[in-house]
Structure formats: structure tokens, C-alpha cells
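*Asks:* The end of the sequence shown is residue 66 by the numbering used here, with every number in the run present.
Bear in mind the hints are in silico, worked out from the structure with no lab data behind them.
From a predicted model like this one, the values you see are computed outputs, not experimental measurements.
A hint or two may mislead.
With a Cα cut of at most 20 angstroms, we get these calculated EDC-like pairs of lysine to aspartate or glutamate [claimed, not checked]: (1) 48 with 33; (2) 48 with 17; (3) 48 with 18.
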Amino acid sequence: MQQFFSISQLARVMHTDEPSVRMLLNSSILRAERYGNGFLVDTDEFAKFGIINASGKSARPQRRSF
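Build out the structure end to end from the sequences listed, making use of the hints.
*Replies:* Rendered as C-alpha cells:
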């Protein structure tokens with residue numbers, strides 16, 4: 001399944017900064033298709049980074065706010 005993300009959204013989802021996301025995209029480590037002013041990313045791509053497991057749920061613990 002593909003989802004649309006801006007650079008800032010990708011940085012937030014991947015828990016990193018925007019320059020790092022740009023580097024991953026430019027070096028084709030993170031494969032994404034340019035679409036308008038963002039990117040279409042296959043959610044399976046995130047599994048390479050341990051962000052989303054096969055069931056589509058976050059593999060990282062969620063922050064809790066009290």
C-alpha cells in the first residue's frame with residue numbers, strides 16, 4: 001500500500017530530521033515516487049527501518065502523555 005508524505009511528515013514518522021530523509025531519498029535507500037510536492041512511499045519500505053512491521057502497526061513504542 002502506498003501513502004503520500006511530505007518531507008516533514010516522513011521525518012516525523014521515521015523519528016529523524018529532514019536532511020536525513022532527503023539523503024535517504026537522494027541515495028535511493030528509501031524508495032519513493034515524487035508526487036506533487038511530496039512523495040508516495042510504499043509502506044513496506046518502512047519495514048526496512050523497523051518503523052512499521054508487516055501488520056502495519058508501529059514497531060516502535062508509542063509515547064504516552066499523562
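*Asks:* Verify the proposed pairing of residue 48 with residue 33, using a straight-line Cα cut of 20 angstroms.
*Replies:* Between residue 48 and residue 33 the Cα gap is close to 17 angstroms, so the pair holds against 20 angstroms.
*Asks:* What's the verdict on residue 48 and residue 17, does the C-alpha distance respect the 20 angstroms limit or exceed it?
*Replies:* holds (18 angstroms)
*Asks:* Checking one constraint from the list: CA of residue 48 to CA of residue 18, max 20 angstroms. Satisfied?
*Replies:* holds (18 angstroms)
Violated hints for the displayed structure: none, as all numbered hints are satisfied.
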